[in-house]
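The listed protein sequences derive, respectively, from chains X and V. Its first residue numbered 1, the first sequence is counted upward by one per residue in this note's numbering. Its first residue numbered 1001, the second sequence is counted upward by one per residue in this note's numbering.
Hints listed in this document are in silico derivations from the structure and should not be mistaken for laboratory results. Since this is a predicted model, take the numbers as computed values, not measurements. Check each hint, because a few of them may be wrong.
Rough simulated footprint, nothing fancy, chain X against chain V, three-plus residues with beta-carbon under 8 Å [claimed, not checked]:
#: 1; segment: 1003-1010
#: 2; segment: 1050-1061
#: 3; segment: 1110-1121
Don't be surprised by glycine CBs; every beta carbon is placed ideally from N, CA and C.
One-letter residues, chain by chain:
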Amino acid sequence: MVYDAAAEKDIRGIDIDKLVKGFGELTPTFKNYCNKSKTKSREIRWYRKGLSLATAMNPLDSLTTNGVTGSLIANTSFKSIPTVVEQKWER
Amino acid sequence: MANAVLELVFETAPPIPMICAEATTIPKGTALKLSAAFTVIASGAADDEFGGVAAEEKIGGDGKKTIAVYRDGIFKAEAGTTGVSLGMPCKLEAANEFTTTAANNSDIGYNWGIALEAATNGQFFLLDLGRGN
């Protein structure tokens, strides 16, 4: 899996539409549960959220290292800058 | 498998534009070495001089002749075969892999920052980039 975050090629300059979509031509078993959209574009690219930062309790939390495994988001002290957290996407 | 690129954890200073080759692709988070005057290329070997860390992905042939480079900040980085020691200066051991700088080598441009924790081969550690050079 190759996930791209901000400033990486696959998603640079793209306004990512976060809605779940489905084609009308596909077997419509779950179609009613999805948003449907038409397009006249020649090329369509699909992206999905990366799970590399996800845990069951924290859908998007800070990075962990060998010695730092706790959240860097929780209990951020007064006057300190926040940690950087980036959502990643897979094309 | 290529070594993992660095990931920004705390942005203590914004990136600056440094000169790079227009035609070369550089992934975001790549450790960059100084190759000429104010010019960086992707690091590839031990003892590469400190250039910085790529803040954006450089797309080869996109017409841009500079790349955004972090010269400061706290990063998640990967330790090389000999590991890094808590509080000690770090240098490149291979592309995007770090190890502790030898005692007599801290004054010849090898240092990339200070290890904020110890790590052994393949483990990740917090690197205080750019400090102590």
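Worksheet item: Among all the numbered hints in the text so far, which are the ones the structure does not match?
Response: none
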